[in-house]
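K.L.:
As a plain string of letters, each chain reads:
2 protein chains.
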Amino acid sequence: MRLSQYFLPVLKETPADATIASHQLMLRAGMIKQNSAGIYSWLPLGLKVLRKIETIVREEQNRAGAVEMLMPTIQSADLWKETGRYDAYGPEMLRIMDRHDREMLFGPTNEDMITDIFRSYVRSYKDLPKLLYHIQWKFRDERRPRFGVMRGREFLMKDTYSFDIDEASARLSYYKMFVAYLNTFARLGIKAIPVKADPGPIGGDLTHEFVILAETGESEVFCHKDLLEMAPPGEVDFSGDLSEHVDKRRALYAATDETHDEEEFKAIPADKQMTARGIEVGHIFYFGDKYTAPMGAKVMGPDGKEHVVQGGSYGIGVSRLVGAIIEASHDENGCIWPKSVAPFGVGIINLKSGDEEADAACESLYSALEAAGCDPLYDDTKDRGGVKFGRMDLIGLPYQVTVGPRGLKNGVVEVKIRATGMKKELSPNAAIVFLQTEFAEV
Amino acid sequence: MRLSQYFLPVLKETPADATIASHQLMLRAGMIKQNSAGIYSWLPLGLKVLRKIETIVREEQNRAGAVEMLMPTIQSADLWKETGRYDAYGPEMLRIMDRHDREMLFGPTNEDMITDIFRSYVRSYKDLPKLLYHIQWKFRDERRPRFGVMRGREFLMKDTYSFDIDEASARLSYYKMFVAYLNTFARLGIKAIPVKADPGPIGGDLTHEFVILAETGESEVFCHKDLLEMAPPGEVDFSGDLSEHVDKRRALYAATDETHDEEEFKAIPADKQMTARGIEVGHIFYFGDKYTAPMGAKVMGPDGKEHVVQGGSYGIGVSRLVGAIIEASHDENGCIWPKSVAPFGVGIINLKSGDEEADAACESLYSALEAAGCDPLYDDTKDRGGVKFGRMDLIGLPYQVTVGPRGLKNGVVEVKIRATGMKKELSPNAAIVFLQTEFAEV
Numbered sequence: 001m002r003l004s005q006y007f008l009p010v011l012k013e014t015p016a017d018a019t020i021a022s023h024q025l026m027l028r029a030g031m032i033k034q035n036s037a038g039i040y041s042w043l044p045l046g047l048k049v050l051r052k053i054e055t056i057v058r059e060e061q062n063r064a065g066a067v068e069m070l071m072p073t074i075q076s077a078d079l080w081k082e083t084g085r086y087d088a089y090g091p092e093m094l095r096i097m098d099r100h101d102r103e104m105l106f107g108p109t110n111e112d113m114i115t116d117i118f119r120s121y122v123r124s125y126k127d128l129p130k131l132l133y134h135i136q137w138k139f140r141d142e143r144r145p146r147f148g149v150m151r152g153r154e155f156l157m158k159d160t161y162s163f164d165i166d167e168a169s170a171r172l173s174y175y176k177m178f179v180a181y182l183n184t185f186a187r188l189g190i191k192a193i194p195v196k197a198d199p200g201p202i203g204g205d206l207t208h209e210f211v212i213l214a215e216t217g218e219s220e221v222f223c224h225k226d227l228l229e230m231a232p233p234g235e236v237d238f239s240g241d242l243s244e245h246v247d248k249r250r251a252l253y254a255a256t257d258e259t260h261d262e263e264e265f266k267a268i269p270a271d272k273q274m275t276a277r278g279i280e281v282g283h284i285f286y287f288g289d290k291y292t293a294p295m296g297a298k299v300m301g302p303d304g305k306e307h308v309v310q311g312g313s314y315g316i317g318v319s320r321l322v323g324a325i326i327e328a329s330h331d332e333n334g335c336i337w338p339k340s341v342a343p344f345g346v347g348i349i350n351l352k353s354g355d356e357e358a359d360a361a362c363e364s365l366y367s368a369l370e371a372a373g374c375d376p377l378y379d380d381t382k383d384r385g386g387v388k389f390g391r392m393d394l395i396g397l398p399y400q401v402t403v404g405p406r407g408l409k410n411g412v413v414e415v416k417i418r419a420t421g422m423k424k425e426l427s428p429n430a431a432i433v434f435l436q437t438e439f440a441e442v
Numbered sequence: 001m002r003l004s005q006y007f008l009p010v011l012k013e014t015p016a017d018a019t020i021a022s023h024q025l026m027l028r029a030g031m032i033k034q035n036s037a038g039i040y041s042w043l044p045l046g047l048k049v050l051r052k053i054e055t056i057v058r059e060e061q062n063r064a065g066a067v068e069m070l071m072p073t074i075q076s077a078d079l080w081k082e083t084g085r086y087d088a089y090g091p092e093m094l095r096i097m098d099r100h101d102r103e104m105l106f107g108p109t110n111e112d113m114i115t116d117i118f119r120s121y122v123r124s125y126k127d128l129p130k131l132l133y134h135i136q137w138k139f140r141d142e143r144r145p146r147f148g149v150m151r152g153r154e155f156l157m158k159d160t161y162s163f164d165i166d167e168a169s170a171r172l173s174y175y176k177m178f179v180a181y182l183n184t185f186a187r188l189g190i191k192a193i194p195v196k197a198d199p200g201p202i203g204g205d206l207t208h209e210f211v212i213l214a215e216t217g218e219s220e221v222f223c224h225k226d227l228l229e230m231a232p233p234g235e236v237d238f239s240g241d242l243s244e245h246v247d248k249r250r251a252l253y254a255a256t257d258e259t260h261d262e263e264e265f266k267a268i269p270a271d272k273q274m275t276a277r278g279i280e281v282g283h284i285f286y287f288g289d290k291y292t293a294p295m296g297a298k299v300m301g302p303d304g305k306e307h308v309v310q311g312g313s314y315g316i317g318v319s320r321l322v323g324a325i326i327e328a329s330h331d332e333n334g335c336i337w338p339k340s341v342a343p344f345g346v347g348i349i350n351l352k353s354g355d356e357e358a359d360a361a362c363e364s365l366y367s368a369l370e371a372a373g374c375d376p377l378y379d380d381t382k383d384r385g386g387v388k389f390g391r392m393d394l395i396g397l398p399y400q401v402t403v404g405p406r407g408l409k410n411g412v413v414e415v416k417i418r419a420t421g422m423k424k425e426l427s428p429n430a431a432i433v434f435l436q437t438e439f440a441e442v
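Line by line, the protein sequences give chains A and B. Here the first sequence is numbered in the UniProt record's numbering, starting from 1 and rising by one per residue. Here the second sequence is numbered in the UniProt record's numbering, starting from 1 and rising by one per residue.
FYI, nobody ran anything at the bench for these hints, they're computed from the structure. Just so you know, not all the hints are guaranteed correct.
Since the list can't tell identical chains apart, any single copy or any two copies may satisfy a pair.
Stated by the list, open to error - SDA-like, lysine to any residue: derived pairs with alpha carbons at most 20 angstroms apart:
1. 423 <-> 95
2. 382 <-> 300
3. 52 <-> 438
4. 339 <-> 236
5. 138 <-> 386
6. 126 <-> 307
7. 298 <-> 9
8. 12 <-> 332
9. 126 <-> 6
10. 52 <-> 135
11. 305 <-> 288
12. 52 <-> 333
Fair warning: this is a prediction, and the values are worked out from it, not measured in the lab.
Bound-form chain A, shown alone (with noise of 0.2 angstroms):
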């Protein structure tokens, strides 16, 4: 893309009411605009963020054995009334009344639904494990949103469901979105570590939240350091036991300050206790018939009897996502994406638009990138240097390359890897072969 013919509108000033770092990057960047309280617009950049981790999120599921479907946003009322769930639900719900005074909702979620469509369709035992799956828009009516895209109102979450014969059943479909997530997260270039969540009244054993760590974190995370170490495990047959990747991670501690025991805490060697603020970007749960006992969501059995299936739900917040990532990856002058999830790979700049010369060795560069699958962005603007570095900096592309007429007489161009400041120099091609080799493993 050539930054002349793409929108990309970076603010010079930190916007006021931007309190944490993702917050403020991702405006100053021309990620995201707010249109009102909590309510973003994703421009150009921001949404190439949200859509790369979507796709990382949709691949992970869909190999782990999920299939993608798309509930609505608008739902009626009805499918939360038979859950006992319209009331319950609390201001935090959009209720709409349509022009037929008909009780709608902005779905904050979606286990009712998804039941109802389960119980509409599927009789038998034979036709389970069922695990289902969407990313969709939700919203949330804070009553104060903040953090930008990290307590927002509308945001996109992907959620799976699963539907059991029985408990044991059910604890396989937990432990494959278990190990997805790992691999989920692992692709998305942070460490994410799955800790024990409250089950509330359910009880059990079966609910994580995924947390990330980052100062900004808005919990308290209390864990055994070597979970931060631990190789995701990468490919897996998800039909066969998952348990060793599952259990080998829950015997170490982790929790958050609402599941924190400090006894056992304590009992871990003193030198891997680790304590950090974390933001959850995951949770998953096992919560049997709580909706589907209510709603009448029976198979037969093998036995010839009617079963009430057991259900399982798994989240993953993808929008929310975008701004954990910065607040993870991020220094004093911008982001810092890991390369999976980088709107480009990486940006050119052209030190004088204009000179022929430099014009030429971009646009030939430019070509060699694009066809290399380096994604591109080439700032062929005609501002000055230093605005074309901190613009570069600020939007945190993994690579920079910057093109010159003092450079280009030595035969060289300066290639800079974001994360670390490294610079060197280079010759067109050989800055080419270097960047396409950085790339050939994503």
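Chain A is already provided as a structure; the job is to place chain B on it using the hints.
P.N.:
For chain B alone, kept in the frame of chain A given last:
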């Protein structure tokens, strides 16, 4: 995908409330489920078609130089009050009060919001032209939703907005979209005719609807037959002169009942006169300063003076197209998907699941067709052959491969082309080569 692991709830009976073919077939083929009046869940098969259409629409927008972003579904009423549309819109607008009693609405369209975004950032003619688009769910609270996704309440639309310094430049943006639409619909496998639309109080000649012909179309179309035969522009230079592609179409008569002029129509040679029913799938519209003037969207011109920006909007009904394509392409047995938007490329029918030889032949075909990029759906269920044939015809994949013990004895499988019903017996390897070739061009 293996059918046993998918979620494809086909219905035996035609639902009584579905009156047109696309609505009936989408329900029967397990593509959608109605959740409330005019509000649908997209089941896995339907979602795959929706996403394929969306992807083609996106690619052609990008090719034309439009830049993608994403505006939220929920908007503040304030912007709509600025343009006077809040009162004008009527009961089709879904009006919402949030928990702080602020007036909000579920966006039925986005001229007001995009104009606000534009005026927040763009100050100079040097940043023009701008073509911005998004693909987002909209809501129109139809009094009587009907015809399934063809006239639903929650629907997916691609809407592009152009911003130009004057009418002459705006015409160039309009032409870009005109050409992009021709290419888009051609890639979707349908013939869409640009028909002059009613400009209303705005006046001028820059407004067209794109309609496809189908018996169930909502409006009468009168046009010159040659319009149906013209090849799409294909690869063009969008920064160059596009008028030849537009002018040669506009030179031929085409109107709906709304804009029809019987005398002009009669001037067409009799054998070239055509009358048919049409479904609107796109609408492009130049409206000048209708939104930019009341909202004060101005830029500094090359003359050093402020100019009110001239705008246009360009819509494609993405979810509606799923139904419209079925209306244009089905038979008594089910859907007949064009290759470019088919949910899967090839259906594999195992006539004797459980038979060792049949299973092995199907598995090997399945892997080979996956590797060949034919996106197979393998019916590995224990259902009877008749059920499998009927279901495969119903969902309408372009090709079917039937594998049975009798054929295998002779070393052949049967390949069927869904659209023509033509069948041929081929060795499994020849079938793979044939199908791979068929999909190589998509």
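K.L.:
A separate judgement is required for each hint: does it hold in the structure or not?
P.N.:
Verification of the hints:
For the homomeric pair residue 423 and residue 95, neither the shortest alpha-carbon distance inside one copy (54 angstroms) nor that between copies (54 angstroms) is at most 20 angstroms. In this homomeric assembly, residue 382 and residue 300 come within 20 angstroms of each other (Cα to Cα) only across copies, at 18 angstroms, whereas the closest approach inside a single copy is 70 angstroms. For a Cα distance limit of 20 angstroms, the shortest separation of residue 52 from residue 438 inside one copy, 18 angstroms, qualifies, whereas the shortest one across copies, 30 angstroms, does not. Within a single copy, residue 339 and residue 236 get their C-alpha atoms no closer than 23 angstroms, and across copies no closer than 33 angstroms, so neither meets the 20 angstroms cut-off.
In this assembly of identical chains, residue 138 and residue 386 lie within 20 angstroms of each other by CA distance neither inside one copy nor across copies; the values are 41 angstroms within and 42 angstroms between. In this assembly of identical chains, residue 126 and residue 307 lie within 20 angstroms of each other by CA distance solely inside one copy; the values are 12 angstroms within and 67 angstroms between copies. When the C-alpha separation of residue 298 and residue 9 is checked against a cutoff of 20 angstroms, the pair qualifies only between copies, where the shortest distance is 16 angstroms, while the shortest distance within a copy is 53 angstroms. In the homo-oligomer, the alpha carbons of residue 12 and residue 332 lie at most 20 angstroms apart inside one protomer (14 angstroms), although the nearest pairing across protomers, at 62 angstroms, exceeds that limit.
Taking identical chains as interchangeable, the C-alpha atoms of residue 126 and residue 6 lie at most 20 angstroms apart only when they sit on different chains, with a minimum of 12 angstroms there against 52 angstroms within one chain. Both within a single protomer and between protomers do residue 52 and residue 135 lie at most 20 angstroms apart by alpha-carbon distance, with minima of 13 angstroms and 16 angstroms respectively. In the homo-oligomer, the alpha carbons of residue 305 and residue 288 lie at most 20 angstroms apart inside one protomer (18 angstroms), although the nearest pairing across protomers, at 67 angstroms, exceeds that limit. Taking the shortest alpha-carbon separations for residue 52 and residue 333, neither the intra-copy value of 23 angstroms nor the inter-copy value of 39 angstroms comes in at or below 20 angstroms.
This entry does not satisfy hints 1, 4, 5, 12, going by the numbered hints stated previously.
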